[in-house]
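There are 2 protein chains.
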Amino acid sequence: MSKPAEGRRRVVIEGVKPEIDSGRFPVKRIVGDNLIVEADVFADGHDQVEAKLLYKRENERDWHTVPMKPLGNDRWRGAFPVLEQGRYIYTVSGRVDHFGTWQSDLKKRIEADQNVTVDLKNGANLLAETAKLAKGPDRAKLLEWARLIVDEGSSAKQGTLAMDPGIAELVAQYPNDKLTTRYEKELVVTVDREKARFSSWYEFFPRSSSPVPGRHGTFSDCEAHLPYVVELGFDVVYFPPIHPIGQSFRKGKNNSVLAEPGDVGSPWAIGSELGGHTAIHPQLGTLAEFRSLLEKAALLGLEVALDIAFQCAPDHPWVTRHPGWFRKRADGSIQYAENPPKKYQDIYPLDFETSDWVSLWDGLRDVFLYWIGEGVKIFRVDNPHTKAFPFWEWVIPEIKSAHPDVLFLAEAFTRPRVMQRLAKLGFTQSYTYFSWRNTKEELTEYLTELTATDVKEYFGPNLWPNTPDILPEPLQSGGRPAFAARLILAATLGASYGIYGAAYELQESTPFKPGGEEYLNSEKYELKHWDIEAPESLGSLISQVNGIRKAHRALQSNERLTFHPTDNPYLICYSKATANGESVIVTAVNLDPVNTQSGWVTLDLPAIFQPADTTYQVEDLLTGSVYSWYGARNYLQLSPAALPAHILLLPSGGQTIASSKNGK
Amino acid sequence: MSKPAEGRRRVVIEGVKPEIDSGRFPVKRIVGDNLIVEADVFADGHDQVEAKLLYKRENERDWHTVPMKPLGNDRWRGAFPVLEQGRYIYTVSGRVDHFGTWQSDLKKRIEADQNVTVDLKNGANLLAETAKLAKGPDRAKLLEWARLIVDEGSSAKQGTLAMDPGIAELVAQYPNDKLTTRYEKELVVTVDREKARFSSWYEFFPRSSSPVPGRHGTFSDCEAHLPYVVELGFDVVYFPPIHPIGQSFRKGKNNSVLAEPGDVGSPWAIGSELGGHTAIHPQLGTLAEFRSLLEKAALLGLEVALDIAFQCAPDHPWVTRHPGWFRKRADGSIQYAENPPKKYQDIYPLDFETSDWVSLWDGLRDVFLYWIGEGVKIFRVDNPHTKAFPFWEWVIPEIKSAHPDVLFLAEAFTRPRVMQRLAKLGFTQSYTYFSWRNTKEELTEYLTELTATDVKEYFGPNLWPNTPDILPEPLQSGGRPAFAARLILAATLGASYGIYGAAYELQESTPFKPGGEEYLNSEKYELKHWDIEAPESLGSLISQVNGIRKAHRALQSNERLTFHPTDNPYLICYSKATANGESVIVTAVNLDPVNTQSGWVTLDLPAIFQPADTTYQVEDLLTGSVYSWYGARNYLQLSPAALPAHILLLPSGGQTIASSKNGK
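Keeping their order, the protein sequence lines are chains D and Y.
Read left to right, the first sequence gives residues 782 to 1445 (the working numbering).
Read left to right, the second sequence gives residues 782 to 1445 (the working numbering).
No wet-lab data here; the hints were simulated from the structure.
Be a bit skeptical, because a hint or two may be false.
Since copy identity is lost for identical chains, a pair holds within one copy or between any two.
Quick list of in silico lysine-lysine cross-link-like pairs, DSSO-like style, CA-CA up to 30 Å [as the list claims (entries may be wrong)]:
1. Lys1109 x Lys938
2. Lys1237 x Lys1034
3. Lys888 x Lys902
4. Lys966 x Lys837
5. Lys1237 x Lys966
6. Lys1237 x Lys784
7. Lys1237 x Lys798
8. Lys888 x Lys938
9. Lys902 x Lys916
With the hints as extra help, turn the sequences into a complete structure.
Shown next as structure tokens:
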């Protein structure tokens, strides 16, 4: 064993949090957050220890330092604000605080009435040592103190002087770096804009936006449709792919293998002789019209998210221009997608094991850059888990280094480790298993995993009660109450959520076949006309719920999501609150779409910032009703026929409801 | 972002266990153990993945590989045997198994009656690619197969041939390393001899070994005492320091500041003009006599553990020879030990911040090497937490690289992180908080932490019911039942345990002052004469318990320690078992030293390898009584006046007690 270059660094730093996979991946935060960092910092023996949190923007030269505070049992905590998008680096340093130790020991000696002559001299020596590291007036001050604490008349006076906290403060400014331990890793936090955490998504097919049934919708029709989306209260409009759709092996209605003449095909079968991932399907309009749509959306406070599906129809231009990007079969043809024995001859996957991978990666990156150039800042990435992980690990930071405001949503409905890895590699948000978590136990367990374990440091859940691919069974059988309940669950459990509309508002609930999750007459394969004015629409509820999300900060993050036990398996109750308790929302949902359910909830009072044994008023933001609650145990009753949920506003931070309302 | 050198490594490896602090520290195992390694290994898409565990001795050039098996949800497990002392390196590799994927897909295609002509050609191409990596007959065989699966007559025959597992096995021998992912860390396991895990320690003061009261004991007296220790069943004899004891500021009886003439002083006040850490206190004998003692011990199957206390009496030779190893006070004197306002002027601590640290480290290492040279292989290190951590991180591997059979016990009764860090840095065993864990809840919680969390990978607990510094309150007040219970707890909860004798056998229980834990008339400051033949001695119980430990492998490790709930707070019940269930011991202890306690235990049947709803016989190894138990719920009754514990032998692995007895 060779000795270390410096064997006198007595302080140990370990157990740093947050730290993902030994620091291999960044944690994620939002502009304006305080990143709280904890670490175990300690030394041998009984000397006092000082711990500091160091941080800087990625390209900054010098570190900023924040003192950390001891929490007991060698645990320390510090925090720093992340004020800009991009990447910050952080780490921890620690050192033995010799002067602090000396001051504290001196105090005990004086209290025990000991002769401290030599101890004062020891202190003077420490000051003189420190003075060597200082300059100018600080140096002079340190030397002056060193002189005074040994020269002053009475020892009592010297002691008072020696224990002056001002001295300790000045000494602390000149630590002996040689003996300071730096944590061996530098950790990264990626900072995104607010939308990364708090977003309400509305998916619709541009081609179905025409007011005239049977006519192919256009970007102009979409423009006209946007005010409706705004009225519903969403802030992200997500479009399935807008590119030319392949002709070869085009799928017909209900995913039939042979298309009939006039069948419009799947937007995910990307590319034809008219262009590929950077082209626009001519029936939707022109690039100019797309730009106009983006402008209109921006004016309305909406962002447009595009679908990035890295796969090609057989007539995609890349097939001839970059044959090396595809795998060849032994007969020289290009390998289509398969899940043997099923064949998807309308889709050519890209080959991430190609020797041409460098040009492939660049080409795919350029697709993002092209649409970023047009003003798109949010991408919903289709099936990222069927593309190589190293590609995502490269392309997302590559794009964000120049465009830190770009956000990526991973559409990976697959195994947990795979979904988590994609999030670690840089995806801002991720679809989740929420679509299949229906019971109280399932929802509690899953949302706890997402919001109260290390997963929360990097995985940004986006909850969808439906998608064009997923019509879950409870929506097929539960009718309007199920649609209402699942919407409220998504919107109050998740700071980010989305729906596939207008199928959702209009409670489209017929599956292609019983037991399946595909829609009958799926919009993926045909034009639809949705009667959004229909009286049965859930539009006004959705609008109300999104309004509540905007008005109450508690619902705008997943921090402090707390589940409160109820004595009825159909009643789920949970709360969210801001750190200071200014915004506290309790949601209760009846998961039974048929029967009225009632029962008692036992509230975790500290989690909702209410004192024990006190009466307080809660206001149902959906109905305006005000209930008088007392302490932890309260009664709930919810009728699916009326409204299967309460979204309750609580008095903020222990105040009365009146003052909380005034504060709005 | 620059691209990686190779972007086509599609397999991800993460979540590797065991791994301590991101691989910064080794895990620990015993010669003959199987090191079980798990990891998450997966790729994008749906291709089959293959995972391998790689390992080698630290200085070996080539890796050994073991296939890992999938456990579901992307988790894989493999294991390798550690057959020699020293350090092994291990890591994980993973790759996409293209040939396996192809075989599995082909099977599905054939089952679906598809035309597989092109698919067979694809397979032939894969074989031809693999052949490029092979040589000689393997290469020829691969090419022959490639020819056969496309040339054979009927496609059914070709299919059978293509799915021959023999082909897959051969292909697996020639993986494409370029596309293989290697886990980014190489992890270390330190392998010790059996004694590191299973050891029974007996501490006694050599100077008290004289058969004549008042006469200073010698190594020859110790030799004569060893058969007694053997009879008690211990295998490690641990001596407090055997070095010359300082004269200046020598402590008197009961730690009084002034020694009376004739006071023998504390053995931890090391060093006088007669020598320091490598010298022998002349009243104990000569080096030759010490060697003789070691030889006698070895003949009796005992190992001698020496105390290494890195601190000096003021007259230690180092004080004049290496003044740079000590801190100076401002008046030029050497800084004695302090805990202000207390002063310990008989002890000079070493200064690990000295600029002379390199020579200090070497000097301290040489103390270990000196005694290793004399044949000592076990060191109990006094207060390692008051010496700098970097020193231990260097010195322990430094010594073990040449002497892998040397073991270190850390005497650090301090905060959890500090104790754990010392274990991570290399200490083989550690004292624990067992001395102060008395209730069922305390014992259950603490032993679970030590044996069922990551702590078990590096922290080797050694349980002591007493030490010369620690006479816990329950022993002061609980009488013989408390001594018996605490002994049995230590010996059955811990694969390693120890007692400070003969104070323990003779149930010495008077504290220096009420509420304190120091012994009255502590042996640390005076000669003692112990009447080990006294009828009240616990010797025969201790002997019996140690005999049980030797006979039953379940008690020789801390694996599979399981606590079984009882309905009486004074009754604690737990089991240990070997992995195969051949040795299963259930221990039940009455923690009340006064009253008989009874109640029902609910046994975790799988943990004790018993079937449900079945009668089985359990034999109390302490009394020979046999009880008939049925299923999980059984009755316990223990009287402290008789014997406060059962140590029950269970039928091995579901067999009857008769056959288990035959197997002994």
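Q) If you check each hint against the structure, which ones fail? A) 2
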